[in-house]
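*Asks:* One-letter residues, chain by chain:
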Amino acid sequence: MLVQMSVNGRHHEHEVEPRTLLVHHLREAIGLTGTNVGCDTSSCGACTVHVDGDSVKSCTILAVQADGSVVTTIEGLATVAADGSTVMHPMQRAFMQCHGLQCGYCTPGMVMAATSLLAEHPHPTEADIRSGLEGNLCRCTGYHNIVKAVMTCAAETGGAA
Amino acid sequence: MIPCTFDYVRAGSAAEAISLVGQHGDEAKLLAGGHSLLPLMKLRLAQPSVLVDVGRLTELRYIRESGDHVAIGALTRHTDLEHSPVLTQHAPLLALAAAHVGDPQVRHRGTIGGSLAHADPASDLPAATLALGATYVAQGPHGTREIPASEFFQGYLTTVLAADEMLIEIRVPTMQGAGFSFQKFTRRAQDWGIVGVAAWVRGTQSGVALFNMASTPVLATDVSEALAGGASAADAAQLAATQAEPPNDLSASPEYRTHLAKVLTQRALLEAGAR
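Chains A and B, in that order, are what the protein sequence lines are.
Taking the numbering used here, the leading residue of the first sequence gets 1, the next gets one more, and so forth.
Taking the numbering used here, the leading residue of the second sequence gets 1001, the next gets one more, and so forth.
Since the hints were derived computationally from the structure, they do not count as laboratory data.
Beta carbons are placed, not taken as given, at the ideal position from N, Cα and C, and that holds for glycine.
A hint or two may mislead.
Quick list of simulated restraints, FRET-style, between CB atoms [unchecked claim]:
(1) A:Gln102 <-> B:Tyr1256: 31 to 41 Å
(2) A:Gln102 <-> B:Glu1059: 21 to 31 Å
(3) A:Met88 <-> B:His1083: 27 to 37 Å
(4) B:Gln1047 <-> A:Gly31: 45 to 55 Å
(5) B:Asn1248 <-> A:Gly31: 42 to 52 Å
(6) B:Ala1163 <-> A:Ala155: 34 to 44 Å
Footprint (simulated), chain B over chain A, 3 or more residues, beta carbon under 8 Å [unchecked claim]:
(7) 27-36
(8) 76-90
(9) 145-153
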């Protein structure tokens, strides 16, 4: 089946087998390997991307279900400045500043879940962040600094991240 | 993990979806948000040969006040229930229960109709709608029928829906200011409840439903009758498991589940009474 989607602002069109999961489509057909496959059972959140603005687990969506959608992956957050340099998204910067990652495997999903969280709750409490990230597991157990990073980003951007 | 091969068809209307599943019988499954079905297909516990995608039927995504009840389209997502001002005003127990489903990513995809039709006894929304005395509306090839929540669940993952019927609407009676509570005991944040309780109390009337205490959600009418007869929350809660057949699994023994059901029901009744 022909599947079209806008991924990080670029139009993509591929012939896709119906059983292809979105995460495999993104990684293998479109070549964006920033989105990780973690548990592959919709528990860990490593594969979190945005589909039409909502955070979703791309291991539990068929690519055909996302046909016609606007998809954002971790590669789509940073922007390019006038001088050609890469400008990280405020959430990415906050994760760096607060050391919100250890091994880094959960980080793409964590950052995507966190930006979606701030879009829905621009001024979250620490408890809001902890419950808002309940769908993302960090096996390094680095949650403290992850929560700090999201708090920092929310404060710096006034929730506009 | 990748599902077995299947044919994928996108339905343009509920009628078309019903006709398509009718053609393929037991081989076909309706696909809404996919958050119950796809995990089963990935584990190859389900191997439908045809998926009929109803996920784009946005006409079945709504929450409307409708006299003595709130009408909810079957394709309304958990996140829509959780954040609905109409539900918060008229049936806040359902909004609260929806906020307990899975995690934000799951709630962005999963739908109320999908959750009810899947009929996992450990799920949140079957119990919440059962406690509220909801009516489900199913559409089939010959029209629609209304099914009380109390008659819908037949067994583990089994409902009275025929293979060519689909849920189109859920009607939840307005709570009219009733106090309410949703108690869910989990080992980890996003897990299924090991045991859970959805309850509302208004004067001598109440509704209490348990989840993961049998092969279906359980309406604890013994508890409600005791409350109506003047029993305290603590005494009524002792009857929480009288109508249950708690399963035995890695998470808990039947004895422990029975204990949890009593404790959680007492907490639920006390909180509902105070809210």
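*Asks:* Each hint: holds or not?
*Replies:* The hints, checked one at a time:
1. A:Gln102 <-> B:Tyr1256: 31 to 41 Å: 36 Å, holds
2. A:Gln102 <-> B:Glu1059: 21 to 31 Å: For Glu1059 (chain B) against Gln102 (chain A), whose Cβ atoms are near 47 Å apart, the range 21 to 31 Å is violated.
3. A:Met88 <-> B:His1083: 27 to 37 Å: Since Met88 (chain A) and His1083 (chain B) have Cβ atoms about 30 Å apart, the given range 27 to 37 Å holds.
4. B:Gln1047 <-> A:Gly31: 45 to 55 Å: 30 Å, violated
5. B:Asn1248 <-> A:Gly31: 42 to 52 Å: Given a distance of about 48 Å, which is inside 42 to 52 Å, the answer is holds.
6. B:Ala1163 <-> A:Ala155: 34 to 44 Å: 54 Å, violated
7. 27-36: violated (count 0)
8. 76-90: Since 0 is below three, the answer is violated.
9. 145-153: Coverage by chain B is violated here, the residue count being 0 at a Cβ distance below 8 Å.
The structure fails to meet hints 2, 4, 6, 7, 8 and 9 from the earlier list, while all remaining hints are met.
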